Amino acid sequence: MTSAETYEYLLPLESLVVSGIQIGTKIKTKHMEPYIYRVRPDGLFIIDTRKTDERVRIAAKFMATFPPSSIAVVSFRLYGQTPVAKFCEVTGCVPILGRFPPGAFTNPLCPSYMEPQLVMVTDPAADEQAIGEASKIGLPVIALCDTDNVVENIDLVIPTNNKGRKALAMVYWLLARQVLRERGAISTDGNLSVPVEDFETKLTESKEET
Amino acid sequence: MSELKVPTCIWCGKTIIPTEYFVKFPCPNCGGVTITRCERCRKFGRPYKCPKCGFVGP
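Note that the protein sequences, when read in sequence, are chains A and B. Just so we're aligned, residue 5 is where the first sequence starts under the numbering used here, counting upward by one. Just so we're aligned, residue 34 is where the second sequence starts under the numbering used here, counting upward by one.
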């Protein structure tokens, strides 16, 4: 293990901090306690960025061992849908955006039935249906967990802010790049052709009525 | 005669019965060891440790 000064992050620490991946919530669960670095004076728990970085590397290594078409990436959360769609476009995984159709993993008569080997969820609280079905058929689950999440039926936690628009884009971009590096699709210091901004959900301003 | 191996949970060591919702996957870090977690350990978020590389999850 390298010391804090010499540890090499996947991206410079400033870029990670600007995207806000370390910002947690005002609620802390005992499952997420090991990943918390400190508490801000306003009560927000701050996630340890180094642990996020380490877990992104491990998750990418794990995902690279499965065929891309057998990985389902789920996001009910609106801000997670564009990053997931882009992530799946880059890595070849299967996206499930919006409402998770019940029976998609367990009922062969369901029109959206699929048989993945690995499931990744954006928020364990919002994607509860997907986690429940994955646990019934014995699929390993990777989850992006914030400080207020309960690690129930989850096999690999990536501690990060799973509510922010920029944070989700950053995490999925890092993960996509690392998965491609592990697969050998790009070199170990190579970069994605898609910038982080493309992973972000764009905000559209509504026109004010005169 | 071939032997039948009964899976056991890597954390609590209990024998996993076939009707249980257990999970089996290679170690996320090294991939050298197959990790088996029983339904209860998964539900309560109990940790698991890879005997080869020492990785502690979830």
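Misleading hints may appear alongside valid ones.
Anything over 12 Å on all C-beta distances counts as not near chain A; from chain B, calculated [what the hints assert, rightly or not]:
id, residue
1, E36
2, K38
3, P59
4, N62
5, I68
6, R79
7, P84
8, K85
Mimicking PhoX-like on lysine-lysine, the simulated pairs with C-alpha atoms at most 25 Å apart in a straight line are [as the list claims (entries may be wrong)]:
id, chain 1, residue 1, chain 2, residue 2
9, A, K167, A, K32
10, B, K38, B, K82
11, B, K85, B, K57
12, B, K85, B, K38
13, A, K65, B, K57
14, A, K55, B, K82
15, B, K76, A, K55
16, B, K38, A, K34
17, A, K206, A, K34
18, A, K34, A, K55
19, A, K32, B, K57
20, B, K38, A, K32
One side only, chain A facing chain B, incomplete, derived with CB under 8 Å [to be verified]:
id, residue
21, L14
22, T69
23, S73
24, K140
Calculated directly from the structure, the hints in this document are not laboratory data. Keep in mind that this is a model prediction, so the values were computed, not measured. In this text, a Cβ means the ideal position worked out from N, Cα and C, and glycines have one as well.
Outcome of the hint check:
1. E36: Non-interface label on E36(B) holds, nearest chain A Cβ at 22 Å vs cutoff 12 Å.
2. K38: Label holds. Min Cβ-Cβ 17 Å, cutoff 12 Å.
3. P59: Violated: least Cβ distance 6 Å, not greater than 12 Å.
4. N62: violated, 5 Å
5. I68: violated, 8 Å
6. R79: The claim breaks: R79(B) does not keep its Cβ more than 12 Å from every Cβ of chain A (closest is about 9 Å).
7. P84: At about 16 Å from chain A, P84(B) clears the 12 Å cut-off, so the statement holds.
8. K85: holds, 14 Å
9. K167(A) / K32(A): holds, 15 Å
10. K38(B) / K82(B): Judged against 25 Å, a Cα distance of about 21 Å means the pair holds.
11. K85(B) / K57(B): At roughly 16 Å apart (the allowed maximum being 25 Å), K57(B) and K85(B) satisfy the hint.
12. K85(B) / K38(B): holds, 20 Å
13. K65(A) / K57(B): holds, 17 Å
14. K55(A) / K82(B): holds, 17 Å
15. K76(B) / K55(A): Holds: K76(B) and K55(A) sit about 23 Å apart, inside 25 Å.
16. K38(B) / K34(A): violated, 35 Å
17. K206(A) / K34(A): With a Cα-Cα distance of about 34 Å, the restraint between K206(A) and K34(A) is violated, given a limit of 25 Å.
18. K34(A) / K55(A): holds, 16 Å
19. K32(A) / K57(B): Roughly 29 Å separates the two Cα atoms, so the pair is violated.
20. K38(B) / K32(A): Violated, at roughly 40 Å.
21. L14: violated, 16 Å
22. T69: Interface hint status for T69(A): holds (6 Å vs cutoff 8 Å).
23. S73: Constraint on S73(A) not satisfied, violated at 18 Å.
24. K140: With Cβ-Cβ at 6 Å, under 8 Å, it holds.
Checked against the numbered hints given earlier, the structure breaks hints 3, 4, 5, 6, 16, 17, 19, 20, 21, 23 and satisfies all the rest.
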